[in-house]
Amino acid sequence: MSALRVNITQLAYRASQHSALSQSAATSQTSDYVIADITLDIQHNECVCIVGPSGCGKTTLLNAVAGILDTNTSANVELAFTTPSPTIGYIFQEPRLMPWLTLYENIALVMPKADPRKITAILDAVGLTAQANSYPNHLSGGMQRRASIARAFIIEPDILLLDEPFVSLDAPTAMQCRELLISLAKRHKTTILFVTHDLNEALYLGDRVVFLSPSPARIIHELALNNLYKAYDSAAQTNLKSELFTRFPKILEGQLSKD
Amino acid sequence: MAITAIADAKASTRFTESAALLKLSVFLLLLVIWQVFAVILAQPDFPTFTQTLSALYYHTMTGDLLVNVGITVTRVAISFVLAMLIGSIFGIAMGARAWFNQLSDSLLIILLNVPALVVIILSYIWIGLVEAAAITAVVINKIPTVAVMLREGARTTDPKLAQVAQVYNIPWWRFMRQIYLPQLYPFILAAARNGLSLIWKIVLVVELLGRSNGVGFALHSMFQFFDIAGILAYTMAFIGVVFIIEWLCFTPFDRRIQRGR
Numbered sequence: 002m003s004a005l006r007v008n009i010t011q012l013a014y015r016a017s018q019h020s021a022l023s024q025s026a027a028t029s030q031t032s033d034y035v036i037a038d039i040t041l042d043i044q045h046n047e048c049v050c051i052v053g054p055s056g057c058g059k060t061t062l063l064n065a066v067a068g069i070l071d072t073n074t075s076a077n078v079e080l081a082f083t084t085p086s087p088t089i090g091y092i093f094q095e096p097r098l099m100p101w102l103t104l105y106e107n108i109a110l111v112m113p114k115a116d117p118r119k120i121t122a123i124l125d126a127v128g129l130t131a132q133a134n135s136y137p138n139h140l141s142g143g144m145q146r147r148a149s150i151a152r153a154f155i156i157e158p159d160i161l162l163l164d165e166p167f168v169s170l171d172a173p174t175a176m177q178c179r180e181l182l183i184s185l186a187k188r189h190k191t192t193i194l195f196v197t198h199d200l201n202e203a204l205y206l207g208d209r210v211v212f213l214s215p216s217p218a219r220i221i222h223e224l225a226l227n228n229l230y231k232a233y234d235s236a237a238q239t240n241l242k243s244e245l246f247t248r249f250p251k252i253l254e255g256q257l258s259k260d
Numbered sequence: 083m084a085i086t087a088i089a090d091a092k093a094s095t096r097f098t099e100s101a102a103l104l105k106l107s108v109f110l111l112l113l114v115i116w117q118v119f120a121v122i123l124a125q126p127d128f129p130t131f132t133q134t135l136s137a138l139y140y141h142t143m144t145g146d147l148l149v150n151v152g153i154t155v156t157r158v159a160i161s162f163v164l165a166m167l168i169g170s171i172f173g174i175a176m177g178a179r180a181w182f183n184q185l186s187d188s189l190l191i192i193l194l195n196v197p198a199l200v201v202i203i204l205s206y207i208w209i210g211l212v213e214a215a216a217i218t219a220v221v222i223n224k225i226p227t228v229a230v231m232l233r234e235g236a237r238t239t240d241p242k243l244a245q246v247a248q249v250y251n252i253p254w255w256r257f258m259r260q261i262y263l264p265q266l267y268p269f270i271l272a273a274a275r276n277g278l279s280l281i282w283k284i285v286l287v288v289e290l291l292g293r294s295n296g297v298g299f300a301l302h303s304m305f306q307f308f309d310i311a312g313i314l315a316y317t318m319a320f321i322g323v324v325f326i327i328e329w330l331c332f333t334p335f336d337r338r339i340q341r342g343r
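Residue numbers (the working numbering), protein chains in the order written: chain A, 2 to 260; chain B, 83 to 343.
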């Protein structure tokens, strides 16, 4: 039984208010869609990585699942959760901490009722105990990132969405954050939908990798992984990648054909 | 890192100390220039600093300077709070909702450009020579400038932070207090600072035209007696109050806003 079933079809942005009148005419053309058709079945405790060329609607996909699509979006979105009203956590591309709140206050902000013990525990888990009373702008990018991970896990999400969260970090810091994510996700049994354009990252974190086409996005390929690949950039991963690229040289650009 | 932080803190205290010293010496220099010029000119219409000080002493001790300043400060405070509140709500609504902006944009331009004097006269004629008319006139004069400032502020708020609130189901009141309004604080402070200076000036005109107490009224009577030292003494008392407000209200608020930025 899947934890989450997502079905998004015909998602389009209305260009402006002026075109609202001619909207039906505009959206009837397939080329205006950002997402053509994406159906995903995500199992409990599974980590699904979405890989696709930039601008193909990966962030839009996450926003649709999180229920924060722009008001000028038209789409058919069907979400089916096994848990009646699941808690959803979202780690954005930028940390998005409130600069005027300390790390402690930033985490307390998202809790229905602030529980000092829990906040201390999560700050400890991400190694930011000493920085609890610091303001985000006084901290390094890696620390801000870890704080945003702590903020996402404090609500104990059933489903966690991540939007290329580690792109702006240097390699060792990004690796630290990935390991932190894995350990917290294991502890909380979190179901994860992870968007990235870094194939190594997807192979490392994912139980399954889903490849998207350029916009209008649809799923072009799926790759089920087993635990053989659970070492970043390992020999097994390199083999898997070369096998994949021999079959589909342009898969990262969202094309299955060789030319 | 801790050591550099301490060094930075020391350097910044030294910096603020020397800045305060500089401010003070500029102030003292102005007073000296005033005194020297007045002594050289020796005109009855241009009293010296010391004459003004003794007039200040006289009006405080035997006149009703304190009462008048008190009344004016009360009027300023009431008008200030009302104008900031109404202006902020209007400005935020205009910045946040495009349709509301289109609806009220021309009204705002009209209000911004109607001369203060016209509003004061009309308000006295329509409402009568009462306290409410005075306050209304001041508030109407001030609302549009607050609204303009807060509209700009509301337009620069970050929708990405609002998304965080949406995803994490943050209640409305907490969202306002901890996510939305902190983004507007710098604009609110700017509106408050220039708002206070504008309200001071208008309140005096309002008092001069239709009230029988307050600083504006006192200045009017001193004008008729050509009591220049008295006028300058009132101005001095006035500036003193402004500085106190700056130190007690605006500077702490400013420091709070700067936290973490």
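Misleading hints may appear alongside valid ones.
The calculated label-pair distances, taken between Cβ atoms and stated as ranges, are [claimed, not checked]:
#1 B:Phe-325 - A:Gly-142: 54 to 60 Å
#2 A:Asp-199 - B:Pro-334: 20 to 26 Å
#3 B:Trp-255 - A:Gly-56: 51 to 57 Å
#4 B:Pro-334 - A:Ser-141: 42 to 48 Å
From the structure, some residues in chain A lie toward chain B, with a derived Cβ separation under 7 Å [what the hints assert, rightly or not]:
#5 Ile-69
#6 Leu-70
#7 Pro-100
#8 Trp-101
#9 Tyr-105
#10 Ala-109
#11 Lys-114
#12 Leu-140
#13 Phe-246
What the hints contain is simulated information worked out from the structure, not anything from laboratory work. Virtual Cβ for every residue (Gly too), placed ideally from N, Cα, C.
* Asked: Does the structure break any of the earlier hints, and which numbers would those be?
  -> 1, 2, 3, 4, 6, 9, 10, 11, 12, 13
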